[in-house]
Amino acid sequence: MVIKFQKNDKPVKITGAKDMPPMPAALGSMLQNKTGSWRNVRPIIDYEKCIKCFICWKICPEPAIDIVDELPVINYDYCKGCLMCMEECPKDAISYEKEGK
Amino acid sequence: MVIKFQKNDKPVKITGAKDMPPMPAALGSMLQNKTGSWRNVRPIIDYEKCIKCFICWKICPEPAIDIVDELPVINYDYCKGCLMCMEECPKDAISYEKEGK
Amino acid sequence: MKKTMMGNFAASWGAQLSRVQVIAAYPITPQTLIVEKLSEIVADGELDAKFIKVESEHSAMAACIGASATGARAYTATSAQGLALMHEMLHWAGLARLPIVMTNVNRAMAPGWSIWADQNDSLSQRDTGWMQIYASSAQDILDSTIIGYKVSEQVLLPTLISFDAFFLSHTVEVVDMPDIELVDKYLPPYNPEYKLDVKDPRSFGALTAEEYYYEFRYKMQEAMDKAVDVIKEAGKEYEKLTGRAYKLVHPYRCEDADLILVTSGTIAETTNVAVDELRAEGKKVGNLRIRVIRPYPKKEILEVIKGVKKLAVIDRNISPGYSGIFSQELKSALYNEVNIPVRSYIAGLGGRDVKIQDIKDMANDALKNDSPNDLIWKGVKL
Amino acid sequence: MKKTMMGNFAASWGAQLSRVQVIAAYPITPQTLIVEKLSEIVADGELDAKFIKVESEHSAMAACIGASATGARAYTATSAQGLALMHEMLHWAGLARLPIVMTNVNRAMAPGWSIWADQNDSLSQRDTGWMQIYASSAQDILDSTIIGYKVSEQVLLPTLISFDAFFLSHTVEVVDMPDIELVDKYLPPYNPEYKLDVKDPRSFGALTAEEYYYEFRYKMQEAMDKAVDVIKEAGKEYEKLTGRAYKLVHPYRCEDADLILVTSGTIAETTNVAVDELRAEGKKVGNLRIRVIRPYPKKEILEVIKGVKKLAVIDRNISPGYSGIFSQELKSALYNEVNIPVRSYIAGLGGRDVKIQDIKDMANDALKNDSPNDLIWKGVKL
Amino acid sequence: MIEIRMHGRGGQGAVKASFVLAEAAFQGGKYVQAFPRFGVERRGAPVEAFTRIDDKPVQIRSQIYNPDGVIVLDPTLIEVVDVTKGLKKGGWILINSDKKPEFYDFGDDYKVYTVDATEIAVQNRLGSRTAPIVNTAIVGAFAKLTGIVKIDAVFKGIDNSIPRSQEANKRAAKQAYDAIASR
Amino acid sequence: MIEIRMHGRGGQGAVKASFVLAEAAFQGGKYVQAFPRFGVERRGAPVEAFTRIDDKPVQIRSQIYNPDGVIVLDPTLIEVVDVTKGLKKGGWILINSDKKPEFYDFGDDYKVYTVDATEIAVQNRLGSRTAPIVNTAIVGAFAKLTGIVKIDAVFKGIDNSIPRSQEANKRAAKQAYDAIASR
Amino acid sequence: MRLTIPEREIMTPGHLACQGCGGSLAMRYALKVFGKDTMLSIPACCWAVIDGAFPYTAVNVPLFHTAFETAAIMASGIKAGLMVQGKDTTNVVAWAGDGGTFDIGIQALSGAAERNDDITYIVYDNEAYMNTGIQRSSATPEGAWTTTTPVKHYKKGPKKNIVEIMAAHRIPYAATASVGYPEDFCKKLEKAKNTRGFKFIHVLAPCPTGWKSDPRYTIKLAKLAVQTNSFPLYEITDGIHYKQSIKVKERKSIKEYFKYQGRFKHLHEDEVQHLQNFIDENYALLEMKLE
Amino acid sequence: MRLTIPEREIMTPGHLACQGCGGSLAMRYALKVFGKDTMLSIPACCWAVIDGAFPYTAVNVPLFHTAFETAAIMASGIKAGLMVQGKDTTNVVAWAGDGGTFDIGIQALSGAAERNDDITYIVYDNEAYMNTGIQRSSATPEGAWTTTTPVKHYKKGPKKNIVEIMAAHRIPYAATASVGYPEDFCKKLEKAKNTRGFKFIHVLAPCPTGWKSDPRYTIKLAKLAVQTNSFPLYEITDGIHYKQSIKVKERKSIKEYFKYQGRFKHLHEDEVQHLQNFIDENYALLEMKLE
Ligand SMILES: Cc1ncc(C[n+]2csc(CCOP(=O)(O)OP(=O)(O)O)c2C)c(N)n1
Ligand SMILES: Cc1ncc(C[n+]2csc(CCOP(=O)(O)OP(=O)(O)O)c2C)c(N)n1
Ligand code: SF4
Ligand code: SF4
Ligand code: SF4
Ligand code: SF4
Ligand code: SF4
Ligand code: SF4
Ligand SMILES: [Mg+2]
Ligand SMILES: [Mg+2]
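Chains as they are written, first to last, in the working numbering: chain A, 1 to 101; chain B, 1 to 101; chain C, 1 to 382; chain D, 1 to 382; chain E, 1 to 183; chain F, 1 to 183; chain G, 1 to 291; chain H, 1 to 291.
Bear in mind the hints are in silico, worked out from the structure with no lab data behind them.
Glycine included, each C-beta is placed from N, C-alpha and C at the ideal position.
BS3-like mimics (lysine-lysine), calculated; alpha carbons at most 25 angstroms apart, straight line:
1. 378/D / 226/C
2. 360/D / 56/F
3. 3/C / 174/E
4. 13/A / 195/C
5. 219/C / 378/D
6. 34/A / 36/H
7. 284/C / 56/E
8. 150/F / 2/D
9. 98/B / 99/E
10. 2/C / 56/E
11. 156/H / 193/G
12. 52/A / 187/H
13. 56/E / 355/C
Restraint ranges, calculated between C-beta atoms of paired labels, are given here:
14. 167/F / 361/D: 50 to 60 angstroms
15. 189/D / 57/F: 27 to 37 angstroms
16. 7/G / 238/H: 42 to 52 angstroms
17. 100/A / 247/H: 43 to 53 angstroms
18. 233/C / 18/A: 15 to 25 angstroms
19. 382/C / 16/A: 49 to 59 angstroms
20. 306/C / 255/D: 30 to 40 angstroms
Coverage of chain H stretches by chain A, computed from C-beta distances (three or more under 8 angstroms per stretch; other residues unrestricted):
21. 5-12
22. 22-29
23. 52-59
24. 216-226
Chain A with its partners taken away, still in its complex shape:
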């Protein structure tokens, strides 16, 4: 199972008024916006410890944890590094390191 988004996540090209609808109606998805760049710490899952409770998946507010092959997988394109997953993991299976190290 993988998160799927039905909206096209291609960037929208607008060169001027002619490419725009009459009112600000969305033409694409915020998937364009890679919020991974906001992160200053990077959560890391230790799959040894992980018991697949998916609490981390459940409470990620982005959501930036996918479930791939029955495992929680952090999507670093979007993870903002809030560390909620780390805090809530019942098995302390998530740790973090500073970004840019």
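On the provided structure of chain A, position chains B, C, D, E, F, G and H with the ligands as indicated by the hints.
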């Protein structure tokens, strides 16, 4: 005891802008407006029956019943002829007749 | 079919014949009868619409916006304070480009409380992105409502139709009612490209950075420009069906006039009578009724007034600290184009009656005086 | 004393130095800092005032009206949507003739949501009976607030002081703060003749029949007319005390200009820089900043532009279906007076940056082209 | 063009009367206009309403200051309101009253008519004795006294503008048409 | 006139830094202007702020596109933001970093400086280790590298614009002033 | 001579209320209790007309006519203005109709209640928008005709429970009252006058014009509303302490109440029964809260 | 693999919420339950930004951004528009912040509730105006710092009890929820989805930016609010039937809750005790109502 109104009840003379305040601030009292003219029936107190309970005075919505010399006295300048006093008088001391008879 | 009806009912008939689908309105004197009538019609099933009995005019406009955004035809009516209370949502409807049609009964703004005719309410909405029509008869009200939807839905801008309190709202007169079949032919169902639709999910009105906002405003102005032609076209088509012509401006005996009075609303109709009397006295006076002020019919006005010697504007409104608004906008439009002297009169604010004689007085004053004047208070008591 | 401060804090300082007594305000970007600062000052006892933390801007203005009606000095600040939500109450303050002073941070109207500079919010209040000032520096904001009360309390009309979002509101710059003693000398306590007073009980704003309403409007216009002189007088007096001159219009290098740019707000300041550069290139260009638009300074403008060959207006606003509003009002004022060609530009809507080069482009375009033009969209992406 | 003013009390139907009158004239082929005085009058307070009748569309949109005729729906008003205000010389006054026209003295400038519309309404069960609906009877009397509209047009007007008891209303109009007394 | 851009993250105080910088320059007798990028950036997201410094009042009120120098408050931003965008040729880049300037490669068009403002802030107990307040240290470094303001003016600026721990802040500024490394 | 309510008259005759107006009577009582050191904030409602037209007024206290939705905040603004001038004693009273309170004014009301502003808010409830000609408000009782709830489609859904809403705001004092019980009403006004913070009084004020009743029955109806438990009289302090002020021994049938009103006459027997049940249920809920 | 909440994701990552935003999480859950046949009305609030800027959006359902005070009525208008087009099934959800609900939007909310419009209104409560930078709202709890209730003059007076106010409107369904209890929240969403008429859900959504908390503690705080009885979780049907959905066996001390938040750190011991008492009293009042 007579009802007294502290506002001057003289008519206000306005011939134009110069007589007016900058904003619509009242200059006189609605006592100017003799609502007796609205009346099509005229309540009449039968002082023989009256027990001076002053219920009529108490419930007149204008108020158009004064208390003069310990008696309820209808002020026909203002009484609109609603007949609430008649209805509420515990002694049926108030009756009415048609106006303009 | 000819019928007698009040101006207010002409508005509700206009909405009914346009088959409006969502009505959200709030009572206010002198608009109340429109709302009462529509709530009755809807309750009785004579109109297949949903009537939302909102708790304020602000909500009335918001509800119309929501309904219109789903592709439904939305209608409301209000007056004065009610219109003013909608102000933020008027901008919203405009920028969201929703073809709502609204009736406004022109009433003076408080304080002091006044329920009488005065155009300040609607004219102080002139910058909100609505098309604006000033009707001058019950017939005009009814027809303009239908035409309003026709135009609005083509250019994606809302339309405000205003008319004077009591002088029209509560006045019974003869109206020729178009058949519903005819209206159906004229006004097809509304089906916009962009709407709230779960099959095509979009957000509307999100944060719009400096990168794009400017262009949305540009597109809005483009639509206003286009509306001039669309209004003409829609008027002509309506004329074909009903014989009644509606234009942006309605000149009366202007061709050879020395003086043209520029008027709107009910004063414009009384002015026609005054013009006839003045003509009978040998004075070459015409009357130019401005029916539409947004989009502003600059070219159309220029065409009419080009040769005239003098102009006199009668405004039942004022922009405090400037002048009458029709006067202001007219003079701005004429600047760099012609240099005809304009005398501008304020009259009829707060429901003060503007009689035939008053109009003749103003005309005579303008005929006599060659100097332009921004602001003459007709009949003010000093 | 000179200090660095944000435009927003210049506004709160202006209010504090004016010893406002009742503040009722509601937060909105980019005005928020004004409110936060004032609520702090009041909480800390640095200003002896009551701060009402209202639930909306509509209520903010209503509370100011109530307070002002008792004879207290009332203040609020807002922006865009908040100002629009007050609209009905703006008319109220105007017609009730209450000398409230309000700060408005000019921000674009939604939708789409925009928090960036744009004058449509305040200009669409131009018909509500408020005096309107467009400030172009933090110094101007602070000083105008003080002068605003001075003028308002003399003519009994409220004052709106607007300035551009971020370009001023969030920009730190150097401001010369007048001493409180000096301000006290300049601005005496407010003590109106008509106010809510149990010793002199009156009703305010009652039903006003056609017999009187018209004259109240007339008196309001009279006050606006008078305000022109009062503003000049108050500006001169302020200059005496502080050395800083404030007028209705601020010409810059206009005396011998071939072309005068007509500007307002922050664009006006950048235009001064552009004018210097153009002059250095040998082009005789001046800048006329319109600081006050209500009352409209017709005479003052005419004086400045009388001899010039060309005019170009730059509007960070538009009345949809007409043109830029400064342009519209300027042309109307000039009609029947002069016939200088006017080219009108729209620029900077929704916070789009107007750079020195943009202004020079517009000036050069106006220098090159002799034909008047109502509406040129500077830099629109098509 | 003829211009008519009605006098009544708030809640008594004067405005409706002006409309019924207009409707009758319209059915008689005329152009019409009818409107209330633009006030905030309350139940019981004196109110006015107006009707204009013409052969061509009525374009004038100011109020009526010099009516050709006046209709008084409630005779008690005569004492508290100047019903002849602005009335043209030679104009008529139609009063709903059980009195003879002679009873009323408005000088010689006006013609006075009376009709006991209340009684007629009550007989035809239009409203109640305390709140009779006298619109249609008054219009019947008006038709007779002015000749501006035929009684048939009044009937058509009733069919078009009165939602219920049309027959009774027509009877009332006819009765008043026949009963009108003049001075 | 010199124009400076700051890069930081939402919540990190970049805007405040631009103000402190302006205040220091003002105390050094300059006219100044400082403002944030006009966005809606959230905590964690990259943000920018600007300062203009001039000898006469700053009248220009458009944004800064071609800064003379750039200050980077958080070195991790360098990977996600183009910090040299629009930077004038010959312009400088001041980075809060524990690395040597050589560590950063922006080509030859720019001068690069580093200062470990975080460490200096922490040493002076300005903020916490996870959220150090580096404004004043950065301004100290700026004073040294540009010479536009004297360190005394920086001190005065701190006295005026920093509500608490003024001495510690001055120490931090001085330390950074002394510690700046350039390439 | 013993009068059971204050003798002073501050409201004058000559005002513009209809014959038999409960709303004008309510004001008469309120001003009797509050006295001359009082200011009124009155929004659009019948009272905006009743007070009379410029240049006259029908009340001998300062009155600020204000926009429909602003009764509460206008009073708050006035109070603030007075306080900064040291005029602390003045009673500031917001006086509004049900429409201006339950509907368009509820936001300003809720805000003032939440801030616990030191004002008294009195809603005279005539159960519809009367000033504009009898349109439904959210105070219109189920079953009633109005011009926007025509006979065939009479008002559905119960009257909004404004007093409960105010209680949820935990204001110091809230009460219901009726012009049919002047002494009780006056006592509550007195309490409001002597309490600091936000006070709310909901007074039922029959309207012959809108209720299609004979003007003479205004008091009778105001009593019947109470006696049928349609409009029980009680007080709530601090949002939690409920006390009944007029106890009804044997509640009368709602039919008795409806009989004198045209606005209910279209109702069928079973509809009336339904309403009777609803009233009884509601009253039972209230009884549970009474202390 | 057993997931306790729906697996579908309708909200996309890439949105503009701060790190650890409870409000974005709340939306994620709501859309999971409501599904694709849903439309959102969102007024000014953090979510007006979180959704992203033109030309992009972060939700895969139609979303109408609307004026601050109009969340409820905009939803009503949308619902009406859909109904007349026969699109009856679509869930129309008004989604607003506490400011847009308790303060500036309460009038439109009250109106929609009174009309019993068929919409779901969800308020994500972060207890202040966050989008404009942390100003007090009437949902701000007593004792909290905000920029308009500075430390020395922290927020006085209790949080407005919006759920009680809605209950007084007698709406079919009202509930409190917390992002700390996703399963409970989802159950309530499901109930709302399956109920006709007006539904109201009040969900507590911690905001690290405004609460001055570490983003990682968002869930912890959302739980502690419940476990300390500061924010009890319950449901009210028809305005009168109260049911607790999460029972707290031993309530934790409020100190435990405050500990992780900067906005309360100025409070002295006795002030904290005062707040503790208030919470306990309030909870006792609620308990009396529970069925
Ligand atoms: C914004 C606004 N909308 C509508 C009105 C019109 N209006 C005036 S009074 C009124 C009804 C008032 O009803 P209520 O508050 O119950 O008082 P009542 O007239 O019944 O005494 C209405 C709708 C107005 N004045 N202002
Ligand atoms: C009429 C109006 N006033 C003020 C604002 C500014 N504003 C936008 S969002 C906001 C705060 C929203 O607070 P809340 O509803 O609690 O949502 P949050 O931001 O906390 O998520 C404010 C005051 C506005 N957009 N419109
Ligand atoms: S919360 Fe921890 S244990 Fe549970 S799935 Fe995530 S990483 Fe594994
Ligand atoms: S750190 Fe935060 S954003 Fe990143 S995966 Fe964990 S919960 Fe999601
Ligand atoms: S109510 Fe009757 S008995 Fe009592 S005082 Fe009046 S007239 Fe006399
Ligand atoms: S009839 Fe009515 S107005 Fe006249 S005295 Fe009796 S109660 Fe008062
Ligand atoms: S309509 Fe009703 S409330 Fe209004 S004045 Fe008349 S009786 Fe009183
Ligand atoms: S300020 Fe708070 S509610 Fe708003 S996006 Fe950030 S964390 Fe979420
Ligand atoms: Mg009412
Ligand atoms: Mg919030």
